[in-house]
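K.L.:
Take a look at the letters that make up each chain.
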Amino acid sequence: MRTNVPAGARIATAYPGISPRLLSSGAEDEDIGAYRSGGGYRPLGDAEAFVREVEASGLRGRGGAAFPAGRKLRAVRDHGAEPVVVANGEEGEPASVKDRWLMRHRPHLVLDGLRLAALGAGTRDAHVYVSDPRSRQSIERALEEARRDPAFAIEVSVTQVEPAYVAGEETAVVQAVNGGPAVPTDKPPRPFEEGVDGRPTLVGNVETLANLPWVQRLGASGYRALGTERSPGTFLMTLTSPGGTGLHEIPFGTTLRSVLTWAGEDVGSVRGFLMGGYFAGVAGKDALDVPLDYDAFAALRSGLGCGAVAVLHRDDCPVATSAAVMAYFARENAGQCGSCFNGTAAMSAVLESLRDHKASAADVERLRGWSTGLRGRGACGTLDGAANVAAALLREFPETVAVHLDGRCGPCAAGDVRLEPPSAALEPAGHGP
Amino acid sequence: MRIKLDRTLCDGFGICGVHAPESFSIDEWGYASLAAPLAGSGEVPTREEDGVRRAVLDCPVHAITELPEAGRPVA
Chain A
58 MRTNVPAGAR
68 IATAYPGISP
78 RLLSSGAEDE
88 DIGAYRSGGG
98 YRPLGDAEAF
108 VREVEASGLR
118 GRGGAAFPAG
128 RKLRAVRDHG
138 AEPVVVANGE
148 EGEPASVKDR
158 WLMRHRPHLV
168 LDGLRLAALG
178 AGTRDAHVYV
188 SDPRSRQSIE
198 RALEEARRDP
208 AFAIEVSVTQ
218 VEPAYVAGEE
228 TAVVQAVNGG
238 PAVPTDKPPR
248 PFEEGVDGRP
258 TLVGNVETLA
268 NLPWVQRLGA
278 SGYRALGTER
288 SPGTFLMTLT
298 SPGGTGLHEI
308 PFGTTLRSVL
318 TWAGEDVGSV
328 RGFLMGGYFA
338 GVAGKDALDV
348 PLDYDAFAAL
358 RSGLGCGAVA
368 VLHRDDCPVA
378 TSAAVMAYFA
388 RENAGQCGSC
398 FNGTAAMSAV
408 LESLRDHKAS
418 AADVERLRGW
428 STGLRGRGAC
438 GTLDGAANVA
448 AALLREFPET
458 VAVHLDGRCG
468 PCAAGDVRLE
478 PPSAALEPAG
488 HGP
Chain B
151 MRIKLDRTLC
161 DGFGICGVHA
171 PESFSIDEWG
181 YASLAAPLAG
191 SGEVPTREED
201 GVRRAVLDCP
211 VHAITELPEA
221 GRPVA
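The listed protein sequences correspond, in order, to chains A and B.
When you line the first sequence up against our numbering, it's residues 58 to 490, in that order.
When you line the second sequence up against our numbering, it's residues 151 to 225, in that order.
Hints listed in this document are in silico derivations from the structure and should not be mistaken for laboratory results.
Backbone N, C-alpha and C fix where the C-beta goes; we use that ideal spot for every residue, glycine too.
Check before you lean on any hint, since a few could be wrong.
[Claimed, not checked] If you want the footprint, here are the derived chain B segments under chain A, 3+ residues with CB under 8 Å:
| no. | stretch |
| --- | --- |
| 1 | 160-173 |
| 2 | 179-192 |
[Stated by the list, open to error] FRET-style restraints, in silico, Cβ to Cβ:
| no. | chain 1 | residue 1 | chain 2 | residue 2 | range |
| --- | --- | --- | --- | --- | --- |
| 3 | A | P299 | B | L207 | 57 to 67 Å |
| 4 | A | A282 | B | D200 | 52 to 62 Å |
| 5 | B | G190 | A | E139 | 21 to 31 Å |
| 6 | A | E286 | B | G190 | 20 to 30 Å |
| 7 | B | D208 | A | P299 | 47 to 57 Å |
| 8 | B | G190 | A | A106 | 30 to 40 Å |
| 9 | B | D200 | A | E139 | 33 to 43 Å |
[Stated by the list, open to error] From the derived model, a few chain A residues whose C-beta atoms are all more than 12 Å from chain B:
| no. | residue |
| --- | --- |
| 10 | S81 |
| 11 | G102 |
| 12 | A113 |
| 13 | R131 |
| 14 | H136 |
| 15 | A210 |
| 16 | A277 |
| 17 | V316 |
| 18 | G321 |
| 19 | R358 |
| 20 | E389 |
| 21 | E409 |
| 22 | L451 |
Only chain A is shown next, with the shape it has when bound in the complex (with noise of 0.2 Å):
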């Protein structure tokens, strides 16, 4: 058990009871000696029998939209065209740390994933896409030590792009590792048909790439010896709350009430969470009891996204949370698609004022028409996201919005109005992002 810890220090501990597969037990900052005599690298057989693994291990991508990892390599597998693999660690979420830890501390496993997909999906190229300085120093040198061993067999190039919330959606890497600019594109073509060099291309998430050796290692069945049968094996929780940020490796299938009690956290005061980063909005208390699974969370009409919780707390407000996200769409859109700029220019107004208590019954009534009729308006999910973020609010918190427009919000009015959102720091303040 840990107790909490001061804003912004780096813990990285699994869930008790597991054998940890993507938070390193030994020493950080893995070297490839380290790595391969843990059993990484170890030479793929036969490809085929490989993909079909990863689909029998049931493994959902971790970059936040769970899509099964199997049938994205399958789709490659089978395009007829030599495919491209790309790991995307342009982690945009500010509520999240899982993919730059996982480059920064545990290259090899990341590039041995990426290998595993490279060679599944029958190609030998593939690219790491970051925007972290240090994820990329650390994936340079840890590539440094994987080319001089023949067994590595994929070549790979690195591409740095600015860091912004879009820049990790995957047409976006498609465009910026072409030499465009690292902006979202309309589908179709959607990457698995016409990528990169027009290729089709596998974008998997650093976090997705990094089960793959597990996989190779475990076998399907063995894999599934944790998680749940619709969400298989672990994930990389990145937990924010006022003690902190943590991140944690947890099976599927473990309640947030259970997380929060190992952690340290008063679940007593308690008040609810944002869900899946941005993307998935608030969720009220009853989120503390459902199994983290894609599917339960998905009932919930909530989401596990990208695996990263931000905790409400008594005296944090959902209306001035949901204000302070939304604002956050409105200045890190694309400014692409017309109804997203305008869109979530127009929700944030609205959420702004209703924190201010200042909106009027109508204007929430013009926020929820938005919340359903803006949902697959944009490229990329910014909106749909935004359009979640107004949805839950409505849904989750009626009579706190109830309480906005007719009264006085107690943690509002006690001066204490949140305007940013909830973000997660992986080093100590001062120690860079």
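Dock chain B against chain A, hints included.
P.N.:
Just chain B now, with coordinates in the frame of chain A:
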């Protein structure tokens, strides 16, 4: 007939929604998305084809393009 609408190009003229109102859904600021029957596939209902062709030709920013039919090789 199959089309693609590139919403990163759309400037909200709304002409497509006038020519083919069942194929283009216009938001309150004038920006278009493909309407529900076309979403995903881009397949245009036969009765809307003439209107959609006019929309393709009249879009001032060329945000709408005709795609090869699904399953057919690109010429």
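K.L.:
Which numbered hints does this structure break?
P.N.:
none
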